[in-house]
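2 protein chains.
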Amino acid sequence: MTSPERPLVVQKYGGTSLADPERVRIVAERIAAAAVDHDLVVVVSAPAGTTDRLLESARAVSPEPSLEELDALLVTGEMANAALLSIALRARGVEACSYNALQLGILTDEAPGRARIRDIDCGLLAADLAAGRVPVVCGFQGATAAGRWTTLGRGGSDTTAVALAAVLGAAECQIYTDVDGVYSADPRVVPLPSRRETLSYEEMIEMAGSGAKVLHIRSVEIAGRHRLPLKVLSSFRSGEGTRVGDVGEGVEGLVLAGLALSSQEAEISVLGLPARRPVTSRLLAPLAAHGICLDMIVQNVARDGRIDLSFTVSRADYARAQALVRDRAGAEGAESVSGCPSVAKISLVGLGLRSHPEVSARLFAILAEEGVAVRMAATAEIRLSVTVDETEAERALRALHERLGLGAAPTGGCTHGQSVA
Amino acid sequence: MTSPERPLVVQKYGGTSLADPERVRIVAERIAAAAVDHDLVVVVSAPAGTTDRLLESARAVSPEPSLEELDALLVTGEMANAALLSIALRARGVEACSYNALQLGILTDEAPGRARIRDIDCGLLAADLAAGRVPVVCGFQGATAAGRWTTLGRGGSDTTAVALAAVLGAAECQIYTDVDGVYSADPRVVPLPSRRETLSYEEMIEMAGSGAKVLHIRSVEIAGRHRLPLKVLSSFRSGEGTRVGDVGEGVEGLVLAGLALSSQEAEISVLGLPARRPVTSRLLAPLAAHGICLDMIVQNVARDGRIDLSFTVSRADYARAQALVRDRAGAEGAESVSGCPSVAKISLVGLGLRSHPEVSARLFAILAEEGVAVRMAATAEIRLSVTVDETEAERALRALHERLGLGAAPTGGCTHGQSVA
Chain A
1 MTSPERPLVV
11 QKYGGTSLAD
21 PERVRIVAER
31 IAAAAVDHDL
41 VVVVSAPAGT
51 TDRLLESARA
61 VSPEPSLEEL
71 DALLVTGEMA
81 NAALLSIALR
91 ARGVEACSYN
101 ALQLGILTDE
111 APGRARIRDI
121 DCGLLAADLA
131 AGRVPVVCGF
141 QGATAAGRWT
151 TLGRGGSDTT
161 AVALAAVLGA
171 AECQIYTDVD
181 GVYSADPRVV
191 PLPSRRETLS
201 YEEMIEMAGS
211 GAKVLHIRSV
221 EIAGRHRLPL
231 KVLSSFRSGE
241 GTRVGDVGEG
251 VEGLVLAGLA
261 LSSQEAEISV
271 LGLPARRPVT
281 SRLLAPLAAH
291 GICLDMIVQN
301 VARDGRIDLS
311 FTVSRADYAR
321 AQALVRDRAG
331 AEGAESVSGC
341 PSVAKISLVG
351 LGLRSHPEVS
361 ARLFAILAEE
371 GVAVRMAATA
381 EIRLSVTVDE
391 TEAERALRAL
401 HERLGLGAAP
411 TGGCTHGQSV
421 A
Chain B
1001 MTSPERPLVV
1011 QKYGGTSLAD
1021 PERVRIVAER
1031 IAAAAVDHDL
1041 VVVVSAPAGT
1051 TDRLLESARA
1061 VSPEPSLEEL
1071 DALLVTGEMA
1081 NAALLSIALR
1091 ARGVEACSYN
1101 ALQLGILTDE
1111 APGRARIRDI
1121 DCGLLAADLA
1131 AGRVPVVCGF
1141 QGATAAGRWT
1151 TLGRGGSDTT
1161 AVALAAVLGA
1171 AECQIYTDVD
1181 GVYSADPRVV
1191 PLPSRRETLS
1201 YEEMIEMAGS
1211 GAKVLHIRSV
1221 EIAGRHRLPL
1231 KVLSSFRSGE
1241 GTRVGDVGEG
1251 VEGLVLAGLA
1261 LSSQEAEISV
1271 LGLPARRPVT
1281 SRLLAPLAAH
1291 GICLDMIVQN
1301 VARDGRIDLS
1311 FTVSRADYAR
1321 AQALVRDRAG
1331 AEGAESVSGC
1341 PSVAKISLVG
1351 LGLRSHPEVS
1361 ARLFAILAEE
1371 GVAVRMAATA
1381 EIRLSVTVDE
1391 TEAERALRAL
1401 HERLGLGAAP
1411 TGGCTHGQSV
1421 A
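First to last, the sequence lines map onto chains A and B. With this note's numbering, letter number 82 in the first sequence gets 82, and the count goes up by one each step, no holes. With this note's numbering, letter number 8 in the second sequence gets 1008, and the count goes up by one each step, no holes.
It should be emphasised that the hints constitute simulated quantities derived from the structure, not laboratory data. Heads up, a few of these hints could be off.
Claimed, not checked - Ranges of calculated distance between the beta carbons of each label pair, as one might list FRET restraints:
#1 A:64 with B:1320: 51 to 57 Å
#2 B:1029 with A:239: 53 to 59 Å
#3 A:154 with B:1036: 37 to 43 Å
#4 B:1293 with A:316: 57 to 63 Å
#5 B:1263 with A:63: 45 to 51 Å
#6 B:1026 with A:289: 37 to 43 Å
#7 B:1003 with A:116: 41 to 47 Å
#8 A:116 with B:1007: 42 to 48 Å
#9 B:1121 with A:239: 47 to 53 Å
#10 A:289 with B:1007: 43 to 49 Å
#11 B:1356 with A:63: 58 to 64 Å
#12 B:1109 with A:113: 33 to 39 Å
#13 B:1029 with A:306: 54 to 60 Å
Yeah, the Cβ is synthetic: ideal placement off N, Cα and C, and Gly gets one too.
Model the full structure from these sequences, guided by the hints.
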């Protein structure tokens, strides 16, 4: 649907970008300027803090709120912002029109709080674009075939934007947020992080999956599947941002994308488990049945017919997971179960990890020289993750960032802002 | 759809009844108790203050917000409350399900901000009721045939509730608010007002049209057309409330319903207008064309070929109305145009005015004895309205209330609360 004269761009504005009327006005100015020579579809989040406030009110009337009705409550935040932004755009002469998921036909499955988009009806959007209008779409929300509300999970507005861009065949999807791109590490932890100009979809997926909060991981997966260029940009200042898309290896001469820190981790170990297959799956099945996600899973080779198995879970699931594992481990004849509720995971991500095995060795060497004990380690294609004691995590991150050469040159302008990798 | 064993009742809860989670819990308890032996449909308003807050945010991004998008903004208040109340009901074991106007199919015309309901699809509600569920419906809102939001105007949730009760054939529509009924006069102005046990539809319409804010006037019109019994009740304490419905004249031995005060009035007079028909309609047509509503219109008989014409408008329209009238009056050869921006209208309402002409005379006598000058007077079938200087209005109201015998006996328990007639 995009044309060379007026490329079609989907712009998504996050909650901090639309936190109050003053910021809504600023975003409206930006959209009005872009609409001069682009066809635009805009996707909005709820004002920053609104979703938490709504969750709090739900918990004030019910200890365990109905998930279906919770979704019906949460969608109102995006709806208010879509209408407000449309009002601001119309005041500037831009013919804007707000749409929620029911009006637009964003069809999802029926999983409340974590629904997945199945189909989007493009009829209304196509008509608006053909007429020179700017549709303003509520992110994060969907509707079932029966017309009930669903939500896509925290950060789901990114996924709405990318899915719309994919079905509309947009030239680009721009994610406007409070930081001006994806950084080599969290600026709140390391001095002088460097903004990545370009990341591959794989790198961005690994970064998002390892604790970087800048993009919803499913949005990157969808973008990658459709080879849709994604950009992470600041809504507060201009700049090139970070482009996520197809990259030739080594094009930038950069082997590493960045370091991600995830501090809400807990670790559980089962020691001396009789190696009768499939003992691992029997041990872990109850966790899956209770909806507990496992992250790093490390199992050594059997010694004397026994194996040791360790994995991480989110800290919120720790007590429940340990109880489930303890039950099962006893039945399987394990020697002991131990755990630590306060570990942090540091992940090094980069396409270069494929072709530069020495980087992994270097990471372990740096941590050893800094006196940081590595508890668990696991590797994926372009990622190497280690867990360390949470009290040592930030020091370890800073050392790795500096000694792996990930930072910006000290003279380069560093950004402030909350975020990211 | 109502049955003798489980009568169908529509309950509407206003914004003060659902102002915060604590009050939502109280309302949920009340609904759960009523659901034991009634089929229920619940209609909710936005939390008190929310609509004003949303309007304020719209005005912060646009001096003149788009009315269509303003409706899309305002509907979110009711949606949040419907979901929150459903969560609270489910927590108490009541199978509740929230519906907005799009989901339910509350079809209106396309007039933003003042839409009228054309049709309501009862399919989902009938299925819920048959299955023992309690639908919780967003009041105040509707949707056009094209699926765009509309709103019914301030107080429109009453109209949603009554319209639903009418199409569902409910036994009764209960309006829960912050006062326990309709009173003989505003309790903030008169001491010891008395609660009316029963009012006719006509009396309630005249009261609502004369400044009593307790019910949306259109809701009473619809109830009257369908002979649907309406009750005004407090959501904060139990009690009989006020029943609005069919009444035999004199059944209560009560000839007067009450006194209503409307203080936001302004008066315009055109003096010495040549009596060439249809001069009155030529004079007033420009006002209608500009959407200015006239209330009392008083025209004397012609004397020396000239007439005097006076009418009231809302104070907000005063300056605009006077300018329009001045233009036109000059062209028609009127002698002068005068006005007063600060009058108040006192209306005495009651079926008894039909059969007791002496009551009107008594009203003028009381005002004369109190030294209150009557500026304009006009009568309708069961209403007598006078305008007085706004500085004398409350004193006049208290005198009339006492001397017409409208108050409660001094020993009778008087209520507190904000409201009403």
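Each hint, compared with the structure:
In this structure, residue 64 of chain A and residue 1320 of chain B meet the distance hint of 51 to 57 Å, their C-beta atoms being roughly 55 Å apart. At roughly 54 Å, the beta carbons of residue 1029 of chain B and residue 239 of chain A sit within the given window of 53 to 59 Å. Checked against the hint of 37 to 43 Å, the C-beta distance between residue 154 of chain A and residue 1036 of chain B comes to roughly 39 Å, which is consistent with it. Between residue 1293 of chain B and residue 316 of chain A the beta carbons are some 58 Å apart, a value that agrees with the proposed interval 57 to 63 Å.
Taking 45 to 51 Å as the suggested C-beta distance range, the pair residue 1263 of chain B and residue 63 of chain A conforms, at roughly 47 Å. In this structure the supplied range 37 to 43 Å holds for residue 1026 of chain B paired with residue 289 of chain A, their Cβ-Cβ distance being about 39 Å. Separation of residue 1003 of chain B from residue 116 of chain A is about 43 Å and conforms to the stated range, judged on CB atoms against 41 to 47 Å. At about 43 Å, the CB distance of residue 116 of chain A to residue 1007 of chain B agrees with the hint of 42 to 48 Å.
At about 50 Å, the CB distance of residue 1121 of chain B to residue 239 of chain A agrees with the hint of 47 to 53 Å. About 45 Å separates the C-beta atoms of residue 289 of chain A and residue 1007 of chain B, a value consistent with the hinted range of 43 to 49 Å. Taking the beta carbon of each, residue 1356 of chain B and residue 63 of chain A are about 59 Å apart, inside 58 to 64 Å as hinted. In this structure the supplied range 33 to 39 Å holds for residue 1109 of chain B paired with residue 113 of chain A, their Cβ-Cβ distance being about 37 Å.
For residue 1029 of chain B and residue 306 of chain A, the Cβ-Cβ distance of about 58 Å falls inside the hinted range of 54 to 60 Å, so the restraint holds.
Violated hints are absent here; each numbered hint is respected by the structure.
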